[in-house]
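Engineer: Just so we're aligned, residue 1 is where the sequence shown starts under the UniProt record's numbering, counting upward by one.
No lab work stands behind these hints, which were simulated from the structure alone. Heads up, some of the hints might be wrong.
Label-pair distances were calculated between CB atoms; the ranges are [as the list claims (entries may be wrong)]:
#1 M109 to I48: 37 to 43 Å
#2 V129 to R47: 33 to 39 Å
#3 R47 to R116: 31 to 37 Å
#4 V105 to E144: 25 to 31 Å
#5 R116 to E186: 18 to 24 Å
#6 R61 to Q141: 19 to 25 Å
#7 G115 to F211: 23 to 29 Å
#8 M109 to G196: 36 to 42 Å
#9 S185 to A102: 29 to 35 Å
#10 G196 to P164: 41 to 47 Å
#11 F211 to S130: 32 to 38 Å
#12 S54 to T132: 35 to 41 Å
#13 Q67 to E114: 20 to 26 Å
Positions of the beta carbon are idealized from the N, C-alpha and C atoms, including for glycine.
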Amino acid sequence: MPRKGRRSQAQKLHWTKVDLTGWASISKDVAQVSDRQQSEDGDNTSRILSVQASHCQSDARYDVFSQNNQCTCVALTFLAYHSEGTLFKQPDLDRVLEEGDALYVGIKMQLIAEGRFRWDHLSMGEVPVSITTSNHTYNIQKSEVLMGYLRARGNPEMERWWIPLDERLQCLSTDVSHALLMVSSECFAVFRDGSGRYGYFDSHSRTAEGFPHPTDDGSYVNVH
1 MPRKGRRSQA QKLHWTKVDL TGWASISKDV AQVSDRQQSE DGDNTSRILS VQASHCQSDA
61 RYDVFSQNNQ CTCVALTFLA YHSEGTLFKQ PDLDRVLEEG DALYVGIKMQ LIAEGRFRWD
121 HLSMGEVPVS ITTSNHTYNI QKSEVLMGYL RARGNPEMER WWIPLDERLQ CLSTDVSHAL
181 LMVSSECFAV FRDGSGRYGY FDSHSRTAEG FPHPTDDGSY VNVH
C-alpha cells in the first residue's frame, strides 16, 4: 500500500485475487434483501441492489487503535461470508464490520509484538492467511499483487506499464470470483456471484448510492 506523500500523475491501485478454500456447505435461512432495491428498467439482469449497514468503519464505537484503518480486514471478512451464499441485510453487514475490526486489531497487535508494524493501513502482504466466520474457517490463497491505474493524465510512460482498472476487472469473468482492490489507502471487495452478477463492498462512509458522504456520517454499502 502506498504511503501518503507526493501525489503521482495517476490514482494508483493495488489488486490481488483471493481464493477462499476449505468451503463447507452451510444450511441456513437467508432473508431476502429488501433494505434497498433499485430497478433501472424492470429487467432482473439490470437491477441494482444496494444494502447499507447502520454505521461505517469510522464510527465512534471503534477504538482509535483501529478506527477507520481496518478496511482490508473488513473487506476480507465480507468476501468470506459472501462465499457462503449470504444474502446481506443490515445486521449481517454490521456483523461483518465488527468481526473485520476484531480481525484487524489482532493482526495489528501481532505485527507490533513481532516488531513488524509499519503503517496503520495493512498492505496486501499483511492481509491474514486465514479467516473464521460464524460457520467455517478458511485458508486464504493470495495471488501476486497487480498494479494499475484509474486515471492517466496524458502520461504515456504510465500507460505503457500499467493496465486500466476496467481491464483488471475482467479477471472476475475468467480467473476468480472474489478479489481485494486497493486504491491509495482504501481497500474494497469486488466479486462475481453464482448468477454471474458483479458487485462491490465498501466499508468507508458512503451515501445510499455509494458515493462519499459529505459529512463523513454515512454508513457503508454493499452494491451489486
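Engineer: Okay, which hints does this one fail, numbers in order?
Structural biologist: 3, 6, 7, 9, 10, 12
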